[in-house]
Amino acid sequence: MSGFLEGLRCSECIDWGEKRNTIASIAAGVLFFTGWWIIIDAAVIYPRMDEFNHSYHACGVIATIAFLMINAVSNGQVRGDSYSEGCLGQTGARIWLFIGFMLAFGSLIASMWILFGGYVAKVVFFRIKFSLYNKMVLWQSFLS
Amino acid sequence: MYHSFLIHSSADGHLGCFHVLAIINNLGNLAFSLFVLLCFLHVQYWPLFVLFFYILSPIPYCIARRLVDDTDAMSNACKELAIFLTTGIVVSAFGLPIVFARAHLIEWGACALVLTGNTVIFATILGFFLVFGSNDDFSWQQW
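First to last, the sequence lines map onto chains C and S. In terms of the numbering used here, the first sequence opens at residue 1 and continues consecutively. In terms of the numbering used here, the second sequence opens at residue 1 and continues consecutively.
In short, the hints are calculated from the structure, not lab data. Since this is a predicted model, take the numbers as computed values, not measurements. Don't be surprised by glycine CBs; every beta carbon is placed ideally from N, CA and C. One should not assume that every hint holds.
[To be verified] Over 10 angstroms on every C-beta distance to chain S, these chain C residues come out as not near it, computed from the model:
1) ALA28
2) PHE32
3) ILE40
4) ILE45
5) MET49
6) GLY89
7) GLY117
[What the hints assert, rightly or not] Derived contacts from chain S toward chain C, CB cut-off under 7 angstroms, selection only:
8) SER33
9) ILE55
10) ILE59
11) PRO60
12) ALA64
13) CYS78
14) GLU80
15) THR87
[To be verified] Ranges of calculated distance between the beta carbons of each label pair, as one might list FRET restraints:
16) S:ILE23 / C:GLY17: 25 to 35 angstroms
17) C:ARG94 / S:SER33: 50 to 60 angstroms
18) C:ASP50 / S:ARG102: 19 to 29 angstroms
19) C:GLY106 / S:VAL131: 41 to 51 angstroms
20) C:ILE99 / S:SER33: 30 to 40 angstroms
21) C:ILE38 / S:LEU56: 18 to 28 angstroms
22) C:ILE109 / S:ALA77: 44 to 54 angstroms
23) S:VAL131 / C:PHE4: 23 to 33 angstroms
24) S:LEU56 / C:HIS54: 24 to 34 angstroms
25) C:HIS54 / S:ARG102: 37 to 47 angstroms
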C-alpha cells in the first residue's frame, strides 16, 4: 500500500527537450494574466463595496509580489553554486524564497477564506433570512 | 519599402522571403481592416484600446533578443521573461474585449469581431517572428 505510487512517473513520459522552459513560461503567463483579468472583470461587474469588498484585491497583489520574489531567486543561488553570491548570499536567498512561498500560500489560504467567509456564508445567511421571510408571509396569509 | 530590407528572394520560384513578407503583410492588412470595419459598423471606439496591446506585443521579445547573446544562462532567463510578458500581453488583448462586452460597453458581436481580428494579427506577428526571427541578415540599420 505504501509504495503503490512509485511506479507512477510523469516527468519522464513527455519528452520536453529544450522547449520545456518556453512552454512553462507560456503556461505561467496564461495563468497569471487570466487570473488578473478575472479579478478585473469581477471588479468591473460588481463595483459596489457590499458586493465586492475592495480589500479583497490584496490577495491578488500579495500573490503577485510572492510570484516575483520566488522568480527572482535562481536555483543556483539557493544551492550555493552560482558564480556570484548576490547581495544576500546563499542563506539570504533561502530566506527570501521561504518568505516568497509563505506569502504565496498565505494569499491562497486568504482567498479560500474570502470564498467561504465572505461569499458562501453570506448566501447561506441570505437564504436563512429569505426562508424565514417566506415562512412569515405564509403564516400571515394563513392568519389573515 | 521592401527594398530597404536586406532580403534575398529566391529565383527558382520557391517561397522566398519577399513572398512570405508579402503574405504576412496582406494578412496583417486584412486583420487591421476587419478591426477598423468593426469600429465603424458598431460606432464604438472602445476596441481601439486593443491596438495598444498589438503595438506592445513584439516589444519584450525584441528587447530580449537585442540585449543578450544566445548561449548565456542569463540570456535564457531574459528570453523567458520576454515570452512571459508577451503571453501576458496576448491574454490581455483577448481579455479586454471580453471585459468590455460583459460591462455592456460594446456588444457581443463586436467582441467576437475583435477576438477574430486579434487571432489573425497575433498569428501574423508570430509568423513574422518565426520566419524572420532567426535570420541574421535582417537588419534594422537600413531605416
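For each hint, the structure was consulted:
1. ALA28: Check fails; 6 angstroms does not lie beyond 10 angstroms.
2. PHE32: violated, 7 angstroms
3. ILE40: violated, 6 angstroms
4. ILE45: violated, 6 angstroms
5. MET49: For C:MET49, whose nearest Cβ neighbour in chain S is about 18 angstroms away, the distance exceeds 10 angstroms, so it holds.
6. GLY89: Given a closest Cβ separation of 19 angstroms, the condition holds.
7. GLY117: It holds; C:GLY117 is separated from chain S by about 26 angstroms at its closest Cβ, greater than 10 angstroms.
8. SER33: Since chain C brings no Cβ nearer than about 27 angstroms to S:SER33, farther than 7 angstroms, the hint is violated.
9. ILE55: Since chain C brings no Cβ nearer than about 18 angstroms to S:ILE55, farther than 7 angstroms, the hint is violated.
10. ILE59: Hint violated; S:ILE59 Cβ to chain C Cβ min 15 angstroms, cut 7 angstroms.
11. PRO60: Check failed: Cβ of S:PRO60 comes no nearer than 11 angstroms to chain C, outside 7 angstroms.
12. ALA64: Violated: closest Cβ of chain C sits about 11 angstroms from S:ALA64, beyond 7 angstroms.
13. CYS78: violated, 11 angstroms
14. GLU80: holds, 4 angstroms
15. THR87: holds, 3 angstroms
16. S:ILE23 / C:GLY17: 25 to 35 angstroms: Since the Cβ atoms of S:ILE23 and C:GLY17 sit about 29 angstroms apart, the hinted range of 25 to 35 angstroms holds.
17. C:ARG94 / S:SER33: 50 to 60 angstroms: Taking Cβ atoms as reference, C:ARG94 and S:SER33 lie about 55 angstroms apart, which means the hint holds.
18. C:ASP50 / S:ARG102: 19 to 29 angstroms: holds, 20 angstroms
19. C:GLY106 / S:VAL131: 41 to 51 angstroms: holds, 46 angstroms
20. C:ILE99 / S:SER33: 30 to 40 angstroms: Since the Cβ atoms of C:ILE99 and S:SER33 sit about 51 angstroms apart, the hinted range of 30 to 40 angstroms is violated.
21. C:ILE38 / S:LEU56: 18 to 28 angstroms: Holds - the Cβ-Cβ distance for C:ILE38 and S:LEU56, about 21 angstroms, lies within 18 to 28 angstroms.
22. C:ILE109 / S:ALA77: 44 to 54 angstroms: violated, 30 angstroms
23. S:VAL131 / C:PHE4: 23 to 33 angstroms: violated, 50 angstroms
24. S:LEU56 / C:HIS54: 24 to 34 angstroms: With Cβ atoms ~28 angstroms apart, the hint holds.
25. C:HIS54 / S:ARG102: 37 to 47 angstroms: Violated - the Cβ-Cβ distance for C:HIS54 and S:ARG102, about 19 angstroms, lies outside 37 to 47 angstroms.
Of the numbered hints listed earlier, those contradicted by the structure are 1, 2, 3, 4, 8, 9, 10, 11, 12, 13, 20, 22, 23 and 25.
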